[in-house]
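There are 2 protein chains.
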Amino acid sequence: MQDILDLKIKTWNNGVVEEKIDSVINEYMLRVFINGTELVSMICTPKNLKELVIGFLFSESIISEIDEIEEVNIEEENGIAYVSLYRQEKFEYNGDNINIKRTVTTSCGSSRTISYSLADADIKIDKNNKIMEYNKIISLMVEFNKKSEMFVKTGGVHSSALSDGDNILMFEEDIGRHNAIDKIVGRALLEKIKLDDKIILTSGRISTEILKKILRNYIPVIISKSAPTSAAINLAVNSNLTLVGFARGRKMNIYSNFEKFKE
Amino acid sequence: MQDILDLKIKTWNNGVVEEKIDSVINEYMLRVFINGTELVSMICTPKNLKELVIGFLFSESIISEIDEIEEVNIEEENGIAYVSLYRQEKFEYNGDNINIKRTVTTSCGSSRTISYSLADADIKIDKNNKIMEYNKIISLMVEFNKKSEMFVKTGGVHSSALSDGDNILMFEEDIGRHNAIDKIVGRALLEKIKLDDKIILTSGRISTEILKKILRNYIPVIISKSAPTSAAINLAVNSNLTLVGFARGRKMNIYSNFEKFKE
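Residue numbers (our numbering), protein chains in the order written: chain E, 595 to 857; chain C, 595 to 857.
Any given hint might turn out to be false.
Since the list gives no way to pick out one identical chain from another, each pair is judged satisfied if it fits inside one copy or across any two copies.
Under the rule of at most 25 angstroms between Cα atoms (straight-line distance), these lysine to any residue pairs were calculated in the SDA-like manner [as the list claims (entries may be wrong)]: (1) Lys730 with Gly609; (2) Lys741 with Ser820; (3) Lys641 with Leu763; (4) Lys747 with Glu612.
Read the hints as simulated data drawn from the structure, not as lab findings.
The task is simple: from the sequences and hints, build the whole structure.
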């Protein structure tokens, strides 16, 4: 299984647009079965999966030593890890016997039972969504960076903002990048602000979980200072969502809806 | 509730050691009750908590519009949010009715029911743990940065490494910063490598969840390129764990075990 995928993207560098092949990190889902029961789904990078599963079982106190494991069998193509423990305990999701019964995400927010592919799109953004101007994006990101007070002070938080394409309407910070977006959504709900014509700006990496929050609100555009994952790019393409990454200085990468951009 | 706390730290800047007051992000736990049932604990920044709770309920499809909420009552000092929904549904943690029944962490890894303070230490590192030399730390971080291939290619992953204080013994990368550490732990278990005299290097921010993984393995030292949270610093102090952050270039911040450092 590849941990890095090459995808076609468009770059904008101070007015110069190019089509390029870019390396993006593969976002992979591994379902972990213990003694026959599905325990958890981990969203991860498909490299050293056996080590990941064993380390996770230890960190979460499911095992206290390696010798409790009879076998770990990883089916990489199917995204499944079968673990046999010597003890015959049956693992169940009742929240009392064991304390992991969720999808272990890169930064939380998804559910345990994901029966679809990471990049499946339930929600489609209207094809006539926002046209984006490169220079508008640059000025929005300049304003966004100026607002990141807490980050400047502590270096420890993620920021998110809501924009109408011209100005920043709301700005939120949190230790968790999902939380920063949830705060924006919560405030928009409280203030009865329509989201399906807005833009989200974020400091954090873009995984499918982040995009699902955006799609649930039919927000047509997301712009990040950081990298997207392969599955997030595929999900954006499948759902007509405009995805911009690495928007830093006078540069950005465009991963979907290439035709929606103009000078 | 303060979202930023001022704590006493020690800085090392190219040979010059100073004591300073530094701003660190407050890591806060909010327990969310819906119609009287505890649904989830969120680890977050204590600012705009009402917006966070509402946005989260919407993102997780617990509500589909704001008018389903009768009341949100936040007890900030106690870290509790009481939500009343108009519908009389009883929320339970059975994993079928609702799909959130875990601690929503900044980056996953902890359990739903945390009855202790974030900074309580169950595990204490031996007081006679490793003495650290500033210049050794700098050279380890130089080596660590050189190894971050996937990050250089994709900008999308976190790295962790295991060191004996002189060399890097293992290096792992993953989309999730917890996963990168779990891979190290898993490999150490597989290779029967003792961890209680080693050092963990990481690219990611340090929250209590990360430290708990480190403490479970009795690893005495963690060094990060990024920021720690306030609760992580308190946990490090309470458990005698040596915590270094912002180790970049020829600079670093020291948050605990000040006396364990020498030129």
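Hints, verified against the model:
Only within a single protomer do Lys730 and Gly609 lie at most 25 angstroms apart by alpha-carbon distance; the minimum there is 12 angstroms, versus 44 angstroms between protomers. With identical chains, the CA atoms of Lys741 and Ser820 are at most 25 angstroms apart both within one copy (17 angstroms) and between copies (20 angstroms). Proximity of Lys641 and Leu763 under a CA criterion of 25 angstroms is satisfied inter-copy only: 17 angstroms between copies versus 41 angstroms inside one chain copy. Taking the closest pair of Cα atoms, Lys747 and Glu612 come within 25 angstroms of each other only across two copies (18 angstroms); inside a single copy the shortest separation is 36 angstroms, beyond that limit.
Checked against the numbered hints given earlier, this structure breaks none of them.
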